[in-house]
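Asks: Please build the complete structure, drawing on both the sequences and the hints.
Chains A and B, in that order, give the protein sequences.
Just so it is clear: in the first sequence, position 47 is 47 by the numbering used here, and no numbers are missing.
Just so it is clear: in the second sequence, position 27 is 27 by the numbering used here, and no numbers are missing.
Any given hint could be a false lead.
[Said to hold, decoys possible] Facing chain B, from chain A, some residues (calculated, C-beta under 8 Å):
1. H192
2. W287
3. A314
[As the list claims (entries may be wrong)] In silico lysine-lysine, DSS-like type, Cα no more than 30 Å apart, as pairs:
4. K219/A <-> K219/B
5. K67/B <-> K289/A
6. K349/A <-> K67/B
7. K120/B <-> K253/A
8. K289/A <-> K349/B
[Claimed, not checked] Just some of the chain B residues that point at chain A, by a computed CB distance under 10 Å:
9. P66
10. A273
11. E318
Bear in mind the hints are in silico, worked out from the structure with no lab data behind them.
Even glycine gets a Cβ: it sits at the ideal position worked out from N, Cα and C.
Number of protein chains: 2
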Amino acid sequence: MDIEDLILVSVDDHIVEPPDMFDAHVPDRWRDQAPRSVRMEDGSDVWVFEGIKVPNIGLNAVVGRPKEEYGWDPTAYTDIRPGCYDHVERVKDMNLNGVLSSMCFPSFVQFCGQLFSKAKDKEMSYVMLRAYNDWHIDEWCGSHPGRFIPLSIPPIWDPELMAAEVARVAAKGCTAVTFSEDPSALGWPSLHSEHWDPFYRACVEHDVRICLHIGSSSKLVMLEDAPMDVLISLQPVNSIQAFANVLWSPVLKRFPDLRFALSEGGIGWLPYALERVDYVYQQHRFWTKADFGDKLPSERAREVFTFCFIDDKAGVAERDRIGIDNITWECDYPHSDSTWPHAPEMAMKHFAGVSDEEINKITHLNAMKAFRFDPFQHIARDAATVGALRGLAASGG
Amino acid sequence: MDIEDLILVSVDDHIVEPPDMFDAHVPDRWRDQAPRSVRMEDGSDVWVFEGIKVPNIGLNAVVGRPKEEYGWDPTAYTDIRPGCYDHVERVKDMNLNGVLSSMCFPSFVQFCGQLFSKAKDKEMSYVMLRAYNDWHIDEWCGSHPGRFIPLSIPPIWDPELMAAEVARVAAKGCTAVTFSEDPSALGWPSLHSEHWDPFYRACVEHDVRICLHIGSSSKLVMLEDAPMDVLISLQPVNSIQAFANVLWSPVLKRFPDLRFALSEGGIGWLPYALERVDYVYQQHRFWTKADFGDKLPSERAREVFTFCFIDDKAGVAERDRIGIDNITWECDYPHSDSTWPHAPEMAMKHFAGVSDEEINKITHLNAMKAFRFDPFQHIARDAATVGALRGLAASGG
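Replies: Right, here's the structure in full:
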């Protein structure tokens, strides 16, 4: 395949939410209580919600900056690339990078909307959460049909409300929801708990995939006195843990059709992890009583999960050990691991010797299937390639 | 290569220490204070040391048992295979399994001799620790030249004593010492700390390799309410963490010639981990100020570490991405992950398409080099093969 002919659908990017996001989506009587962006005396922008202040520029939105500036988290909208928070500018940046479609995770409300769970007034908070999802689905995604895969955040403080919200947004085409890789780390019951069953049931009923993003436990692996590089290197460990924790969970017995996406966890560890769970099953099932019926744990994993990578030579080379139908691709715009604006060139480095059919699965077909998302309802296939999108960017279109 | 011609040197097995181990190695005036094995009323055997009681059968010594009984930790010597604690029987079990040589880790004193650090009387405790090492080196290993790679435990409460002990046992040929994968988890300074410099300096001076065994932080990855299978599946995560923590550590700047072995951590995660640290270096070194000079982190890792595996198809298949000179093999006798007595058959499964030269590196040459251990000083090469050893076992020799 030629680089111009790649079709790239990214299952993990990030939004820095814009100041006006709630304006059109909160009913009048609640308007005064909506989170608002405030410029502080030190020049930083913060969100204020029920007295809680949170930085509004999450997780180093450093795209487009020289690498020397990484690590210094920008703190004001004026410091960051408009594509971080403006959907029209985002689409232009996607064109420049040859990316057809993108799933975008939240920033200031945290990965599974933790901020809304901290409000004392939960009725108000639920209003704001729905406004957030409406803004994301109707405005950010809705303004550009075929360019964004909608993703909702859950009212994590109440599993019945979570179920209701899954149903509500499913009705307008949202097929993905963020959840926590380890809710127990956030003070909630573990993901194994029946506490979450209403939510899980709704996800199955509406065929909605649960996305577990690294860091969605608000916890990263950290070792005492370790250099920052250790923390960054070990980020994928969160996904390794979530993979094992979900795979052996009684939840998959209660809800066999539940489906998960591991977001930003990489894929190169999977040949080993899939082999490891089979070995553990072979050696230990007689006393742990684990039971996968007529399947191996690795086979079950391939039914349950999709995985994704940014830049992962070993993973792509060993795609047969992972499962070619389970691998998706991501860009991670605008974070510091992102390959923007060279994503197609980076991706092509891994695709030598990979068949066109396999490349298409990895770059877009698997993501389209997992999230029941069809950009070609809106965009012609030949207008969806890297070459066409970059041509569009070059022409200013 | 034919299975009969394999030469297997295992860098990770375990001793269940025998009751009489201290008898010949503690000076008379200290004899009463040596740890002693006591049979309890419930039929279990425990070690008693300065009032502290510890089970003497560590970490499921289940070798030879049906898998249905795994998980039930045997508690008395009479419950376990004599090869667990008797070196003559151990050698017979090694012959039966075609294993030429073995490095054995401690059990009741814990992986880095933590038990001795808990004694109030440290002078006495230091006597016992040296007796432990003397027993291990002179008696367990010394009775069977060429069959065991000696490994010492350190007086972890005092880095100057650690240095002295490294020097003392190096003089009698001990080239390996256990340490903690994360000493901060045991209440000591982190492995990055200058606190340990006397120890590190002695290891460099005497060319002694530091072994970091999974679990040597007395900490395993555990997630709330998770089935036991999750814990077992995630054991290698300890080694992934130790790998990153050592590689980026300022310790390797202070002691460039320091060398580590990651014990029982597997190898299949390394193609990804090595790629990941290079990616982190490429993306983040400008602000983290990490500096590997003219090398990549992955290249430095191949200088610093040896890795080992029990059963690891993906790792062996991807040996070029790991580094053929860095891979060693282990049997893990008598623990539940062990391949005994079918280790050669299990190993051969992975060796299709692997050259004889590569097989020899993996099965024994790399271990011999890493630990400066030469069994062929004592045993003829053609008597060291799986075929010859198993023949010896069959003949009762």
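Asks: Would you mind confirming whether the straight-line C-alpha gap from K67/B to K289/A stays at or under 30 Å?
Replies: 11 Å, holds
Asks: Close enough to count: is the Cβ of P66/B nearer than 10 Å to one in chain A?
Replies: Holds, because the Cβ-Cβ distance from P66/B to chain A comes to roughly 8 Å (cut-off 10 Å).
Asks: Does H192/A pass the interface hint, meaning its C-beta sits closer than 8 Å to a C-beta of chain B?
Replies: Status holds, d = 5 Å.
Asks: If you take the shortest Cβ to Cβ gap from E318/B to chain A, is it below 10 Å?
Replies: Holds: closest Cβ of chain A sits about 7 Å from E318/B, inside 10 Å.
Asks: For the pair supplied as a hint, K349/A and K67/B, is the alpha-carbon distance within the 30 Å limit?
Replies: 45 Å, violated
Asks: Does K253/A lie within 30 Å of K120/B when you go C-alpha to C-alpha?
Replies: Distance of about 51 Å is beyond 30 Å: violated.
Asks: Under the criterion that the straight-line Cα-Cα distance not exceed 30 Å, is the pair K219/A, K219/B satisfied?
Replies: With a Cα-Cα distance of about 17 Å, the restraint between K219/A and K219/B holds, given a limit of 30 Å.
Asks: Holds or violated: K289/A with K349/B, Cα cutoff 30 Å?
Replies: Holds. K289/A to K349/B sits at ~27 Å (cutoff 30 Å).
Asks: Let's test the interface hint: is any C-beta of chain A closer than 10 Å to that of A273/B?
Replies: Check passed: Cβ of A273/B comes within 8 Å of chain A, closer than 10 Å.
Asks: Against chain B, with CB atoms and a cut of 8 Å, does the hint on W287/A hold up?
Replies: 4 Å, holds
Asks: If you take the shortest Cβ to Cβ gap from A314/A to chain B, is it below 8 Å?
Replies: Given a least distance of 4 Å, the restraint on A314/A holds.
Violation of the numbered hints given earlier is confined to hints 6 and 7; the remaining hints are satisfied by the structure.
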